[in-house]
Amino acid sequence: MFDIIQSAEMLFGTVASSCKEIIPEFNCEYRIEKNNLPSVDGLVAFLGQNPERDRISITITSDTGSVFVSDETVWMDNYTSFRDGLFDGDEVVAAIRIMKGIKDGRLTVYNLSLFSAFLCNLKMEQLFENFTKLFSECGDHVAFQLLDTNGSLRTSSISFSDNDVHWIDRRARKEILRNCTDASVFLDRMRISLIPQDFDINALEGNGFEEIKVLFEKLRTVLSYVYLANTATVVNDKAILQFDPSTKGYEYEMNQLTDNVVVPLIYEWVFKDDSCVDKASIARKIINTYCRDKESILAIDDKVLNSIKSDYVIYQKNHVDQYIDMKNKISEFIVDSAGKIQELSHDIADAFRNNFVAIIVFLMTVLLTDSIDFSQFLGREISPKVTAVCGVFTGATLLYFIATLIMGNQKWNWLKQSYTDLKKNYDGVFDSKDLDEAFNHDEPLKNVEDQYKSIRNKISAVWIALILVLVIFTGILVWQGNHGTAQEQTQVEETVTQEESTAQQQA
Numbered sequence: 000m001f002d003i004i005q006s007a008e009m010l011f012g013t014v015a016s017s018c019k020e021i022i023p024e025f026n027c028e029y030r031i032e033k034n035n036l037p038s039v040d041g042l043v044a045f046l047g048q049n050p051e052r053d054r055i056s057i058t059i060t061s062d063t064g065s066v067f068v069s070d071e072t073v074w075m076d077n078y079t080s081f082r083d084g085l086f087d088g089d090e091v092v093a094a095i096r097i098m099k100g101i102k103d104g105r106l107t108v109y110n111l112s113l114f115s116a117f118l119c120n121l122k123m124e125q126l127f128e129n130f131t132k133l134f135s136e137c138g139d140h141v142a143f144q145l146l147d148t149n150g151s152l153r154t155s156s157i158s159f160s161d162n163d164v165h166w167i168d169r170r171a172r173k174e175i176l177r178n179c180t181d182a183s184v185f186l187d188r189m190r191i192s193l194i195p196q197d198f199d200i201n202a203l204e205g206n207g208f209e210e211i212k213v214l215f216e217k218l219r220t221v222l223s224y225v226y227l228a229n230t231a232t233v234v235n236d237k238a239i240l241q242f243d244p245s246t247k248g249y250e251y252e253m254n255q256l257t258d259n260v261v262v263p264l265i266y267e268w269v270f271k272d273d274s275c276v277d278k279a280s281i282a283r284k285i286i287n288t289y290c291r292d293k294e295s296i297l298a299i300d301d302k303v304l305n306s307i308k309s310d311y312v313i314y315q316k317n318h319v320d321q322y323i324d325m326k327n328k329i330s331e332f333i334v335d336s337a338g339k340i341q342e343l344s345h346d347i348a349d350a351f352r353n354n355f356v357a358i359i360v361f362l363m364t365v366l367l368t369d370s371i372d373f374s375q376f377l378g379r380e381i382s383p384k385v386t387a388v389c390g391v392f393t394g395a396t397l398l399y400f401i402a403t404l405i406m407g408n409q410k411w412n413w414l415k416q417s418y419t420d421l422k423k424n425y426d427g428v429f430d431s432k433d434l435d436e437a438f439n440h441d442e443p444l445k446n447v448e449d450q451y452k453s454i455r456n457k458i459s460a461v462w463i464a465l466i467l468v469l470v471i472f473t474g475i476l477v478w479q480g481n482h483g484t485a486q487e488q489t490q491v492e493e494t495v496t497q498e499e500s501t502a503q504q505q506a
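In numbering that gives the first Met the number 0, the protein residues as written are 0 to 506.
Derived from the structure by calculation, the hints contain no laboratory data.
These figures come from a predicted structure and were not determined experimentally.
Hints may be right or wrong, so weigh each one.
[Said to hold, decoys possible] Mimicking BS3-like on lysine-lysine, the simulated pairs with C-alpha atoms at most 27 Å apart in a straight line are:
(1) K237 / K247
(2) K445 / K415
(3) K423 / K452
(4) K316 / K217
(5) K308 / K293
(6) K33 / K19
(7) K284 / K423
(8) K132 / K271
(9) K316 / K293
[To be verified] Pairwise CB distance ranges, derived in the manner of DEER restraints:
(10) W413 / D349: 17 to 23 Å
(11) D449 / D300: 53 to 59 Å
(12) F1 / N34: 24 to 30 Å
(13) E294 / G150: 35 to 41 Å
(14) K302 / D435: 23 to 29 Å
Backbone N, C-alpha and C fix where the C-beta goes; we use that ideal spot for every residue, glycine too.
Go ahead and model the full structure; you've got the sequences and the hints to work with.
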């Protein structure tokens, strides 16, 4: 333990004329005569007691000059010359100044009594801004290291302790802040990023913390009011709270909001889990019912808290009924979709079977009516009409395949839209997380879609192969027809040439 004031009094041989400690620094002044000036070794020893993260300096001033002593400069010769230049009876002022540093979320408190007095003399809004700044510099936890006091006072994120603190976070501070933002509209949340849990004391050991304990309880209560309100703002050390969006908010001095012991309990009940949005809505509804004016907001009592809890039980019952109804509809959808997928699969399979039968009938008809016989096929003497009919039939088969796919996909989209509409019906009843869990993260829809696409793709592959066979067959007919026509033309020309040659010989 290091009591800097007592150590300085021993160093200078007198009591301090003034002392002050604030968050970033510690200051103390002593008026001493030349004979009481400490030795160089005494000053060196005093400076060495200071934590490494802080920077200490002592400015000693007389009527004729001054000397600066610190742990960062070479000052010994200057100090000796300054002291030797004084006359007996000369009075000097020794001003100790310590600039505090922050390391690993820790900063020093040299005198708990002075520091407590400083905090208690600040306005509420100044306190909020100072602690917000500390959290921005320290992270999720602020640890004040006490040098002159044995004991500790701790919340979930702030500690005053003479020992190292090991934090155990049951819930992340950022998560609680996010829940508060989701459930309420605090217009100054960027300037004041604090939560009531920051000042909810959960451990207290030792003496000297009475003022801080009372102060933290007040800060906790004010912040509880802020986050229970539907809309809140803090300006000029006043809070404007609006619990009912349809009415005008009430303006309060900060100190008016510090004495209610029930409001922190309501806040704790509302924000203790992820259902804070629903709970906050119910709490505000009950507060608006019981509290019709500005004064009644300040007088919220156990009756309001019990009524909030009772109303939430009724809400949960209705919520459970709606949840069961939703799960039943999801089950109905799964059963219904399975039947519709079978129907879609049968439709595609029936279309393929009908088309396949049509192709077989067509080919048998062409062959049985002697439109094509085997000898003609080998001889490449295919009628252009037969080739044209085959081409038309192949094109019709392709169009029938495309139309079947379009209709099947359209029916699937209708089924998918019915699932989406079912999910949207419960958007206002459940939050997005509960809704996703109830619908099993859309797994039923994904499974049904996979089944449909698997069947569709397999039938489509076979169907496309059949169409390709028809295209190849028709292409062969076209090629043979053109080749046969060319051969006939050549034969005709040869016949004409022979006839002309015979006629000339006879002549």
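Hint-by-hint comparison with the structure:
1. K237 / K247: Holds: K237 and K247 sit about 16 Å apart, inside 27 Å.
2. K445 / K415: 10 Å, holds
3. K423 / K452: 25 Å, holds
4. K316 / K217: Not OK: K316 and K217 at ~36 Å, beyond 27 Å, violated.
5. K308 / K293: 23 Å, holds
6. K33 / K19: Distance ~25 Å between K33 and K19 Cα, so the pair holds.
7. K284 / K423: Answer holds: K284 to K423 is near 25 Å, not above 27 Å.
8. K132 / K271: Holds, at roughly 25 Å.
9. K316 / K293: Distance ~33 Å between K316 and K293 Cα, so the pair is violated.
10. W413 / D349: 17 to 23 Å: This hint holds: roughly 19 Å between Cβ atoms.
11. D449 / D300: 53 to 59 Å: 58 Å, holds
12. F1 / N34: 24 to 30 Å: For F1 and N34 the Cβ distance comes to about 27 Å; the hint holds.
13. E294 / G150: 35 to 41 Å: Once the Cβ atoms are compared, 39 Å apart, the range 35 to 41 Å for G150 and E294 holds.
14. K302 / D435: 23 to 29 Å: 37 Å, violated
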